[in-house]
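Colleague: Given the structure of chain A, go ahead and fit chain B onto it with the hints provided.
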Amino acid sequence: MRVVRSIVAVGLLAAPPLAVLADTVADSADTRLSLTIYNTNLALVEHVRPLTVPAGVNRIEFAGVSAEIMAQTVTLDAPELTILEQNFDYDLLTPAKLMEKAVGHEISIVRTNPATGEETRERAEVLSTVGGVVLRIGERIEVLREDGLPARVIFEEVPPNLRARPTLSVLAEAAQTVDADVTLAYLSRGFGWSADYVAVLDEPAGVVSMQGWITLNNTSGTSFENAHAQLVAGDVNVVQNEAQWWQRYGNVRSGNVRRSAGVEASQRQQLVDYYVYPIDQVTTIANNQTKQVSFLTADRVSADRGYEQTFSVLQTYPEPVAAETRVRFANSEAGGLGDQLPAGVVRVYARDARGQPQFIGEDRIGHTSAGSELALKIGDAFDVTVHPVLVATRGATRGSTEFDMTYRVRNARTEPVTVTIRQDNLWRFNEMRAESIPGRRTHAYGYAWDVPVPANGETTLSFTVRQSW
Amino acid sequence: MNAASRIRIAIAELSARPPAVRTAVFPALFAALLVPLPQAHAQDDVHVYSSTTDAVSVTVYRDNIALITETRSVDLPASAMTLVIDGVADTLLPQSAVLADLDRTLIETNFDADELTPQSLLERHIGREVTLTRTDPGSGRVTRTTATVIAAGHDVVLALDGGYEALHCAGLPERLEFHEVPEGLRGRPQLSVRLAPGDAGRRTFKVSYLAHGFSWSADYVARLNERSDRMALSGWATLSNDTGWSFNDIDLQLVAGALNILDADAGGSREAPPPRAADVAPLRECHSLPYDSSDEPGVDGVEGRMMFVGASGIGDAREIVVTGARIVRREELGDYYLYRLPWQTDLPARQTKQVLFLDKPDVRIERFYGFRMNGLNAIRREGVVVPNVMIAWDNTEDSGPGEPLARGTMRFFERHDPAGAEGRGPRNQELFAGEAWIADTPVGVPVELEIGRALNLTLEITTMFENTAEGANRERRSTSNEYRIVNNKTVAVDMEIRHFIESRFVDARLDSTSHPMQRKLGDYAWRFPAQPGEQELRYQLSAVEQR
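Residue numbers (our numbering), protein chains in the order written: chain A, 53 to 521; chain B, 7 to 553.
Treat the hints with care, as some may be off.
Non-contacting residues of chain A with respect to chain B, defined by C-beta distances greater than 10 Å in every case (computed) [said to hold, decoys possible]:
| no. | residue |
| --- | --- |
| 1 | Glu120 |
| 2 | Asn139 |
| 3 | Ala148 |
| 4 | Pro166 |
| 5 | Thr172 |
| 6 | Gly190 |
| 7 | Thr470 |
| 8 | Arg480 |
Pair ranges (Cβ atoms, derived) [what the hints assert, rightly or not]:
| no. | chain 1 | residue 1 | chain 2 | residue 2 | range |
| --- | --- | --- | --- | --- | --- |
| 9 | A | Val443 | B | Thr469 | 22 to 28 Å |
| 10 | B | Leu437 | A | Phe481 | 56 to 62 Å |
| 11 | B | Asp269 | A | Arg380 | 21 to 27 Å |
Source of the hints: derived by calculation from the structure; they are not laboratory data.
From the three backbone atoms N, C-alpha and C, an ideal C-beta is built for every residue, glycine too.
This is chain A alone, in the form it adopts within the complex:
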């Protein structure tokens, strides 16, 4: 006990309680509101707001900030103010909290006689709220509403720390009366944007028309009016938990859309290693709103459709496997595009017999520099199938095996197609002994063949590979 008391004594000596002179609610409209939105559920919000406070210690409450504010990132830039404390109160005001905070205090109980409607009012002290509300009324101890009869509880006050919404308040000392614009900046969750592309494929002309949209959404719980918004493309590192890290790592490994990385420079505004897309007009981003702004239109980008399928091991499949359909194009100047494409989903449309665009599938592209070649997987081809059959295996020499493999490629379409068959797990110490169609090595453990298949016909790719151990 003695130790505790001495600490309290020291504390009192060192820090006399602050005399808060004024409570100010800074709720006037922002003179300028800026939002920099990242595509990782994050935004940097900057409010410039007029503030008038008298000299002395002030508690300033900022209204209209994001409900998803990350309180630890708040900075207040106010020339004449010294910040003493920043508080983020998130103890939400609920009936249960009100009662908990009333333990040891008095409340009023109004009972209504269900037969007559007569009201009787009594003062009560709240003793406990654990598992039920225990009250002392005069000399009696009672449990609130144990009889199931109507009884209203009236609280005289709401404890100051309980808030209807999470609230940011700053304790600041002003040397003199301040009447200036202050800047409040913080990071907030509840924002995101993505790039969404619409690609309409015109197969006879061998072109695709591309439209790119920035899709911006606000689920922060707050509407932002007349904001200067800009969007940042590029992965900003955000500390995540381990599971998300693995997911991210896995995505990097499995993303196989980009076929070659581009080196063409683009005219976009760059921010360190990110691209910035400013939205030129002041815009209002309401809560629960999804907003789309066009950022790219390209009418005639050379494109074609191709088929491919990847097999990881040499084995027989009980049934044919559909070939993947890919739409291939390059975002190069020469191809008709030539801009870096922020990561997003490309929705591909083709025209039906009546000329109406119909959705035929979608794929995700990563942040793609200009000049890259892309091959979007849009779906499985109904009429182009591949049937793998492992015909025979031979123990050729000690420590090696020969595999006779066939891929029977069928095409039920009325035009000839070329199907790229990719075989993984063929390391460089595997020797291709014979192949019906010349193949090529695509990477350290992969091989590929372009198999031409006539209309309404089939072609069997066969090869013999010797694997050494």
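Modeller: Chain B only, in chain A's frame:
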């Protein structure tokens, strides 16, 4: 590629901004003059509403998704304006919305989903006045008090008469009356576009978007003839509208094929999984007492949401409509097939509709009995087994349906005459013979389906294993198999026995066999007629295990 078709930022093209708007970009200078920041409002002054459609086309995919294309007409003024597109399906996927033929520069498209719910109504009234109405249960006397909403998280705290009270915690019938709907809250999500100034006049434009809650599946009915060498095959597309949205006089299409559709968390079009129950319905508490919902009518968001779920939930009596025997037309769509209803139809909310998309009265099939022996592993397999009933056909023009078959369930029926000559029981009755799943099958790919297990046909299997040294460090494993086939039917049946060899075995060979062998998809296979009575198949296979 001309320069005009190259990249541009649509919003950057709006350089012809009126000077008043332009100055507003520097509000610090004009703050005193520009209260309260009018520039956005200036552009939003003119609202044009499009609430009817001229024509609607719905294309239903198999992945709980549909493409809806609406043709609409609207009179546009020359000024900058906001076009509000009313009555789009509320399961709309905002990032998929595309407008065409408006002939005006789009500044932005907004999808506002701030829905008017009991909860949002309360939340938007924090700090505002409402009227609290209490009805005395004894006398029926109604008291109306003006109150201010202090908190409206899950539970409502009101300030009234100088004190603070919780709503719905007293056990009295209480309700709140609001004086207006807060700005921005609406009964259904709304799609609106802001357009730059342009020529005034009437436009017929198209808005297309993907929406969830629609799907279709293929169901086949195959009627086998008495000899099981022919079948009549019909294909039904069963399509459903699980949304609360009804469509009338629409052009309806179905797409068969496996589209690449990504998950919602990857930005894709697949519907996000529903939130966990705990997130949807927080437990209500009153002053640490469990809330008894039987006391009062519900005003809070929890009950409102439950009502919503009930209205759109699965399990309602749904209407099922089967159209007549008119066949829908098939077209190619890229690498898929599109089935088009040749007539306009209705697709009401929560309706299931069936249309015929395939009708082939005479398909040549094979019916046989199959058994597949698994590998050269050390597990002994012997005893009595029942072979599978197999139905196979070539999906070609000459002998099979010669039609692409969209994946689905195929149900087989056969005519059965159990009494035969004795004349007991129903004659020539149709029976369900079994069902199988068929994958997407193009023309030219043979089909083989396992539809059930044989009756009156058994195999007795005896298997022996033997390992023999073969040179240095090699051991050859051989398996001798004897199958005694017992056919208690009155007719001969086709029998197919297959033997699979695992890929770790090399240099496989057939050492001896009693019947001719053919390779089938890498397996060793024997196909022969099994006459009524008993017969045997014997063979020896061997291979070297790779080490």
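Colleague: For each hint, tell me whether it holds in the structure or not.
Modeller: Hints versus structure:
no. : hint                                 : verdict
1   : Glu120                               : holds, 15 Å
2   : Asn139                               : holds, 18 Å
3   : Ala148                               : violated, 5 Å
4   : Pro166                               : violated, 5 Å
5   : Thr172                               : holds, 13 Å
6   : Gly190                               : holds, 20 Å
7   : Thr470                               : holds, 14 Å
8   : Arg480                               : holds, 21 Å
9   : Val443(A) with Thr469(B): 22 to 28 Å : holds, 25 Å
10  : Leu437(B) with Phe481(A): 56 to 62 Å : holds, 59 Å
11  : Asp269(B) with Arg380(A): 21 to 27 Å : holds, 24 Å
Of the numbered hints listed earlier, those contradicted by the structure are 3, 4.
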